[in-house]
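**Student:** Given only the sequences and the hints, what does the whole structure look like? Please build it.
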Amino acid sequence: MSDSDESYNEASSPDSEELTGSRALSVGVSTRSTRKSNAELRSTTGGGYVWEDSIQRPWDIVQEDEGGSLANAIADLVQANKRKRLFYEQTPLQRGIIRHLMLVLDLSSAMADKDLRPSRYQLSLQYAIQFINEYFEQNPISQLGVIGMKDGLARLISQLGGNPTEHVAAIQALKKDEPAGVPSLQNALEMARGALYHVPSHGTKEVVIIFGALISCDPGDIHKTVATLKAEQIRVRVVGLAAQVAVCKELCQQTNDGDLASTYGVILNEQHFKEVLLNACTPPASTLNEKAKSKSGSELMRMGFPSRVVETTPSFCACHTRLLKGGYLCPRCNVKVCSLPTECPACGLTLILSTHLARSYHHLMPLKNWYEVEWPEARSSKTSACFSCSKPFALPSVHTASTKIRIIAGSSTVSSSTRQEKESLATGRFRCPTCRKQFCIDCDLFAHEVLHNCPGCEAAGPSGRQYSTTAKPAGEILPQTNAGSRFSSAPISI
Amino acid sequence: MNAVDGSAHVFQENFAEELEEELPSLLVLVLDASPLSWGSQSPPISLREAVASLLVFANSHLSLNHSNEIAVLAAHPSTVRFLYPLPPSAVEESGSSSNLVRDDSVDPVIAAEDADESNIPTGTSMYKQFRVVNEAVMDQLEDLISKTTEKDITSKDGGEGVSDTSMISGALSMALAYINRQTGGDVPTTEESSAIKARILLVSVCSDLAAQYVPIMNCIFAAQKMKVPIDICKIGDDTVFLQQASDTTGGIYINLDHPKGLMQYLMTAFLPDRLLRKHLILPTQSSVDFRAACFCHKRIVDIGYVCNICLSIFCEPPVDGSCSICDTIFDPRELADLIKQPVLIPLSGNGQKKKAKKNKTKRNGDYDSTPAPATPSA
Ligand SMILES: [Zn+2]
Ligand SMILES: [Zn+2]
Ligand SMILES: [Zn+2]
Ligand SMILES: [Zn+2]
Ligand SMILES: [Zn+2]
Ligand SMILES: [Zn+2]
Chain A
1 MSDSDESYNE ASSPDSEELT GSRALSVGVS TRSTRKSNAE LRSTTGGGYV
51 WEDSIQRPWD IVQEDEGGSL ANAIADLVQA NKRKRLFYEQ TPLQRGIIRH
101 LMLVLDLSSA MADKDLRPSR YQLSLQYAIQ FINEYFEQNP ISQLGVIGMK
151 DGLARLISQL GGNPTEHVAA IQALKKDEPA GVPSLQNALE MARGALYHVP
201 SHGTKEVVII FGALISCDPG DIHKTVATLK AEQIRVRVVG LAAQVAVCKE
251 LCQQTNDGDL ASTYGVILNE QHFKEVLLNA CTPPASTLNE KAKSKSGSEL
301 MRMGFPSRVV ETTPSFCACH TRLLKGGYLC PRCNVKVCSL PTECPACGLT
351 LILSTHLARS YHHLMPLKNW YEVEWPEARS SKTSACFSCS KPFALPSVHT
401 ASTKIRIIAG SSTVSSSTRQ EKESLATGRF RCPTCRKQFC IDCDLFAHEV
451 LHNCPGCEAA GPSGRQYSTT AKPAGEILPQ TNAGSRFSSA PISI
Chain B
495 MNAVDGSAHV FQENFAEELE EELPSLLVLV LDASPLSWGS QSPPISLREA
545 VASLLVFANS HLSLNHSNEI AVLAAHPSTV RFLYPLPPSA VEESGSSSNL
595 VRDDSVDPVI AAEDADESNI PTGTSMYKQF RVVNEAVMDQ LEDLISKTTE
645 KDITSKDGGE GVSDTSMISG ALSMALAYIN RQTGGDVPTT EESSAIKARI
695 LLVSVCSDLA AQYVPIMNCI FAAQKMKVPI DICKIGDDTV FLQQASDTTG
745 GIYINLDHPK GLMQYLMTAF LPDRLLRKHL ILPTQSSVDF RAACFCHKRI
795 VDIGYVCNIC LSIFCEPPVD GSCSICDTIF DPRELADLIK QPVLIPLSGN
845 GQKKKAKKNK TKRNGDYDST PAPATPSA
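Heads up: the sequence lines are chains A and B, in that order.
By our numbering, the letter at position 446 of the first sequence is numbered 446, and the numbering carries on one by one without gaps.
By our numbering, the letter at position 188 of the second sequence is numbered 682, and the numbering carries on one by one without gaps.
Just so you know, not all the hints are guaranteed correct.
Stated by the list, open to error - Cβ pair distances, simulated, as ranges:
| hint | chain 1 | residue 1 | chain 2 | residue 2 | range |
| --- | --- | --- | --- | --- | --- |
| 1 | A | Thr350 | B | Pro766 | 38 to 46 Å |
| 2 | A | Leu324 | B | Pro836 | 25 to 33 Å |
| 3 | B | Ile690 | A | Trp375 | 31 to 39 Å |
| 4 | B | Ser780 | A | Ala169 | 24 to 32 Å |
| 5 | B | Asp731 | A | Leu324 | 26 to 34 Å |
For the record, the hints were derived by calculation from the structure and aren't laboratory data.
No experiment lies behind these values; they were computed from the predicted model shown.
Glycine included, C-beta positions come from ideal geometry on N, C-alpha and C.
**Tutor:** The structure is reproduced here in structure tokens:
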């Protein structure tokens, strides 16, 4: 097993060395130079361009162990990667939940390049459709519009609206066209600014640009546009298909309070393109300005949560007078509507699926970080397996006997011996500070990234959560129900 | 390997395509073990009968495919526990005793169950895997129920009264974490890509889950992301959030009309796995209750007040004019609009109104005497 792995690695490494060599040659000229590794991409925050950094070869990071096998090394690398992800933002971020986003597509001749399969143009349209679906999945009460850049002009492809099918249809129609001309960032940004002008103050204003070209052909001074965008608190994200472009860099930096790393991504390959683009689906954390502003414009909305009915005989829906056998009944006036979210045509109540609202609650109440259990504590504790998945924990004797961890992934090359010592002594047990149950690393990742619940706290029941209740005197406003106390005990900072 | 299995041949003719895709499936059974709810079932099915049916069901699942797997979790008002497979710590505690049991002296409870519920012969002729599952589940459940104290079921929020709410959210969380471990943690990108197909069946008896609204919704979305359907077998009153759970994840929701016939419901509706379900017409729910629980009192509401910053739901506008979750202060004028009650014009006043509007309503005078036109109902 390990033998075959090794031979494969040996066979493949000279090959890839050549590849990177040729990339290094073409640095200044071509676009490929930027497609190296995630780690390098991240280092762009340092200020320089990606290609100005020293080259890191993946095989410099991985070392063989005594037996000459890479299997251990790879397993450790996987562990190290998991560890890196273990720290999550846990201050309840106020996020823009009602979003307004303009998606700007580059339809210029630069998109005809075939470096992405089947072509930049087709692939970005395909991903744009996925983006729209995912966006509405995660932000059901938000709005989106699409703008295209072609022949030096900005074209409105679909209006700002809340219906994904309309946008998808508009983009589907583009697939038959050919990319042509030069793009104009300024025109597109001005059009997006116009579209977002009337957006109510409690919503976010965002622009996401898929930019394939390395130039922008503008009628005026784009820096003025950038300044206006900043003043109007429109946030711009750019997904670059070629190389970093100075004006995009400035655009992202200026409009996002200097946060460049998460807003300007230059793609490495098809998969990375998708990741970078879909990252924009997560609601952004509110900026200071927005927080101040939203304070004044906040209001309580009355909303209805209609139930779905299925009838034996068809009846007309009130919104389109279509004859349908099912639909949703307005809880206030019992009028039937065919799709949600909508406004009741009879009584004007905003109708929405409650599941749409619930999807964002984990942003509001993030799970606390779990801390790693140290060996002395782990030895004395009776638990020998992960609470939620009952995977047995490593025993002390087994673990110390295992080989030292040599891999320190990516750019964070901390190779001091103390660090190694610590790593090799890791217990792999993580404890929730609230319920004090122990979990394995996989469950930690799963609970924080997918589930957003602590299985231990949920399983312990009200008695387990009791002390968060006692922390607060019996409330007057909030009755001391269990979940209620959980919310109130962690006040949200705004 | 499965080709050896006799059951596969039946499908070979009709579902040749499916056979290629037929993958082992992992079933996580979540049993709501709330002692009070089981005690108070009006068309009674006792916990004992239900567990017997569930074990037969679990065994059938294991026998469908050689590499099928099962896990059983019990949700109790005070805890959630793996009944099978046993966590290592539980094995150490009870391992010695259950090994003894397995040898020869058959646990009287299991013997009784097997004798009256199914004709699977007890003793050595029973398939080993079945025995292992059955014994583990029975032992653990006995242990769980017998250790239940009065304190576990007393209501925690007020002090007086009893609470029969099991920790369903905890059980679902653990089920999902277990599935995550078994499937290797990668979220399947397409319908068919994961190595083992997992699903959850929740046998639920207690009806009030409003206190667990947010955690349950989190579980639902996680399950949806992982493409794990949650099937609900509901005994007793409908539970709003569980309907939403099966609807969102593409599972089956059945409220048993005849709880005594639990076995038949399980075998006919819940046994077929996802691939097979495409070919069946299953008795699932048609209408779904999409109400939500308010954050302030845990009431289930169909019209709520939603904070536009954090989207928390309240059943009434807050008294102090600010959101209790995110501390946003609401615009007082907007708030006043919401609190304002509609003014009712008494019906007896119709005559005067008619007079006042005389010139306007002259032509419609005939209709005016009728009460306000009814809203066009669907
Ligand atoms: Zn309609
Ligand atoms: Zn209505
Ligand atoms: Zn675990
Ligand atoms: Zn916890
Ligand atoms: Zn309330
Ligand atoms: Zn709020």
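**Student:** Does each hint fit the structure? Answer for all of them.
**Tutor:** Going down the list of hints, with the structure as the test:
no. : hint                            : in the structure
1   : A/Thr350 - B/Pro766: 38 to 46 Å : holds (40 Å)
2   : A/Leu324 - B/Pro836: 25 to 33 Å : holds (31 Å)
3   : B/Ile690 - A/Trp375: 31 to 39 Å : holds (34 Å)
4   : B/Ser780 - A/Ala169: 24 to 32 Å : holds (30 Å)
5   : B/Asp731 - A/Leu324: 26 to 34 Å : holds (29 Å)
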